[in-house]
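> Chains as they are written, first to last, in UniProt numbering: chain A, 1 to 310; chain B, 1 to 310.
Take every hint as true, because none was put in to throw you off.
When chains are identical, the list treats them as one kind, so a pair holds in a single copy or across two.
With a straight-line Cα cutoff of 25 Å, these simulated PhoX-like cross-link-like pairs (lysine-lysine) come out:
(1) Lys92 to Lys105
(2) Lys258 to Lys92
(3) Lys241 to Lys92
(4) Lys258 to Lys171
(5) Lys241 to Lys258
(6) Lys216 to Lys143
(7) Lys143 to Lys213
(8) Lys171 to Lys92
(9) Lys247 to Lys92
(10) Lys171 to Lys105
(11) Lys247 to Lys171
(12) Lys288 to Lys143
Just so you know, these hints were derived from the structure itself, not from any lab.
Predicted, not measured: the structure shown is a model, and the values here were computed from it.
2 protein chains.
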Amino acid sequence: MQHMQQRQQMQPAGPPSPSCSSTSDCFPLIIHRSAAECGSETSAEPEKHEVRAENSPTDLFRMRSIVSFYVCFLLCLGLGVSCVVCVCLWNKQWRGGFAWDGSPKQFNWHPVLMVTGLIVLYGNGAVLYRVPLTWGQNKLPWKLLHAAVMLLALVLSVVGLCAVFDFHNAKNTPNLYSLHSWIGIAATALFAMQWVLGLAVFLVPCSPISLRKLLKPVHVWFGGSILSLSIVACISGINEKLFFALKRNTSGTQPYSKLPPEAVLGNTLGVLIVAFGLVVLKILSNPKWQRPDSRPEDTAYTPLFQEENE
Amino acid sequence: MQHMQQRQQMQPAGPPSPSCSSTSDCFPLIIHRSAAECGSETSAEPEKHEVRAENSPTDLFRMRSIVSFYVCFLLCLGLGVSCVVCVCLWNKQWRGGFAWDGSPKQFNWHPVLMVTGLIVLYGNGAVLYRVPLTWGQNKLPWKLLHAAVMLLALVLSVVGLCAVFDFHNAKNTPNLYSLHSWIGIAATALFAMQWVLGLAVFLVPCSPISLRKLLKPVHVWFGGSILSLSIVACISGINEKLFFALKRNTSGTQPYSKLPPEAVLGNTLGVLIVAFGLVVLKILSNPKWQRPDSRPEDTAYTPLFQEENE
Numbered sequence: 001m002q003h004m005q006q007r008q009q010m011q012p013a014g015p016p017s018p019s020c021s022s023t024s025d026c027f028p029l030i031i032h033r034s035a036a037e038c039g040s041e042t043s044a045e046p047e048k049h050e051v052r053a054e055n056s057p058t059d060l061f062r063m064r065s066i067v068s069f070y071v072c073f074l075l076c077l078g079l080g081v082s083c084v085v086c087v088c089l090w091n092k093q094w095r096g097g098f099a100w101d102g103s104p105k106q107f108n109w110h111p112v113l114m115v116t117g118l119i120v121l122y123g124n125g126a127v128l129y130r131v132p133l134t135w136g137q138n139k140l141p142w143k144l145l146h147a148a149v150m151l152l153a154l155v156l157s158v159v160g161l162c163a164v165f166d167f168h169n170a171k172n173t174p175n176l177y178s179l180h181s182w183i184g185i186a187a188t189a190l191f192a193m194q195w196v197l198g199l200a201v202f203l204v205p206c207s208p209i210s211l212r213k214l215l216k217p218v219h220v221w222f223g224g225s226i227l228s229l230s231i232v233a234c235i236s237g238i239n240e241k242l243f244f245a246l247k248r249n250t251s252g253t254q255p256y257s258k259l260p261p262e263a264v265l266g267n268t269l270g271v272l273i274v275a276f277g278l279v280v281l282k283i284l285s286n287p288k289w290q291r292p293d294s295r296p297e298d299t300a301y302t303p304l305f306q307e308e309n310e
Numbered sequence: 001m002q003h004m005q006q007r008q009q010m011q012p013a014g015p016p017s018p019s020c021s022s023t024s025d026c027f028p029l030i031i032h033r034s035a036a037e038c039g040s041e042t043s044a045e046p047e048k049h050e051v052r053a054e055n056s057p058t059d060l061f062r063m064r065s066i067v068s069f070y071v072c073f074l075l076c077l078g079l080g081v082s083c084v085v086c087v088c089l090w091n092k093q094w095r096g097g098f099a100w101d102g103s104p105k106q107f108n109w110h111p112v113l114m115v116t117g118l119i120v121l122y123g124n125g126a127v128l129y130r131v132p133l134t135w136g137q138n139k140l141p142w143k144l145l146h147a148a149v150m151l152l153a154l155v156l157s158v159v160g161l162c163a164v165f166d167f168h169n170a171k172n173t174p175n176l177y178s179l180h181s182w183i184g185i186a187a188t189a190l191f192a193m194q195w196v197l198g199l200a201v202f203l204v205p206c207s208p209i210s211l212r213k214l215l216k217p218v219h220v221w222f223g224g225s226i227l228s229l230s231i232v233a234c235i236s237g238i239n240e241k242l243f244f245a246l247k248r249n250t251s252g253t254q255p256y257s258k259l260p261p262e263a264v265l266g267n268t269l270g271v272l273i274v275a276f277g278l279v280v281l282k283i284l285s286n287p288k289w290q291r292p293d294s295r296p297e298d299t300a301y302t303p304l305f306q307e308e309n310e
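Build out the structure end to end from the sequences listed, making use of the hints.
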């Protein structure tokens, strides 16, 4: 912790290097607070505030980085909202709405809750730490918000699974035989494990810093992999559902192969989910957009790495 | 180029820093050649050779990085071979084999060629540059091999698409209506664009270095996204095929819901494809395993970035 404070205080006053090796280097217009606040939940009050507003070409380069982040973030929010609207509209308008009585109306909760929980809330919860606005602030509230959003996502996903299990059981249909179900259940189970391990390692105060350092890249990588699995499960599920629902000469609907409006809406939902996932994974994979206390160049060249990096 | 040579020659003889800022830092046991050879296709003969074999703790740390890379790489090869074996076995043993006559036997080429081309060859072609064995050598032959593997992958994918279009046309079934087909055709079209742009930008000698620098991260990111799209398309396709092929009371087969051996094989193929994709994306996303001439810390702190980084 001492090292962190010293490091922050010893930053040169001149223009930062093009390598963007600290928060202020990449985002010079954000408010600087004490190092104790940035990256640790044990901090108390801010120690110093400083606002820099430079107009050098390097600053313009950094400003472009902020702008491109927010473009991606807004795209992520917009695509997420569009996914939820599409999946609700599809099941409300074309599939008869919602109930919890073992009927097909109960099944309709499954796509709505999985898309909302396992894709949209999960994706937005994952990119929370990347928002530069949060970087000058105490990490703990953001950590709690990350955990809370992920818990809500997990609860919705589990209820979404219950909806389909109940529906299958009411119809005496076997569960968990399709490839879609294998990948979907794996994604949800890994998500539950990830959440519990995340709580134990990154939120319980007594967990050792060395363990946090060791498991943080694993946590981040598993996070992205779980999102990828969820997208694969959702797309295969939507594809399967459209083939089941839009059969030739069934209840007066046009077959899937004629691309009736419902099919176009379902396909569009799939495309939106894939686009949302790619934007989230893009945000997660860009090292320039990582919260600075976890960026490799901040940890590899300073004693900070030896003391705290979680 | 001069900068690159100076930089290489001016490397300190002492033990490398823990930040792994050059090839030799991360992989001290590889043979050093001239900078002209590493990262540029314009080199001629090797200028100097040097073999270092140190046993400091830092070297052990780096050796662990090499070992973990090769574990991932072998996993990638093993999973790739398993995918090809599974998809061939499934279509040969359970789906009646192969032909090119508009019959279902022609359709069988579709999964085989898409999995082999768009997933396995594509994934292996993508991680070629990450193999440390290639780092001390002239980049051009590896660039040509990368382009050749990707071209073969693209040709197989296009033939795989022709197989299903021909089959549909022979049966008067509409093309490109399902979500699976939308995502699959998008993946193949983007792959074709990526290959042509890659050729024009990274292989045609007259393309400017500044353009290569600008487009390289875009090329890498699109590469990973195309693989993700391909995996989504494959999983939804296998899921759809198993539902179509394993219907109740059809041609004496057990339904999908009873999980007959064919269903288990198909689901296993899907799981193997997802595992293969995650390993490839893991290799691509690890900055420690990037070919050094393109690693951010090599380009951000030296004039090299201003002259050549592709």
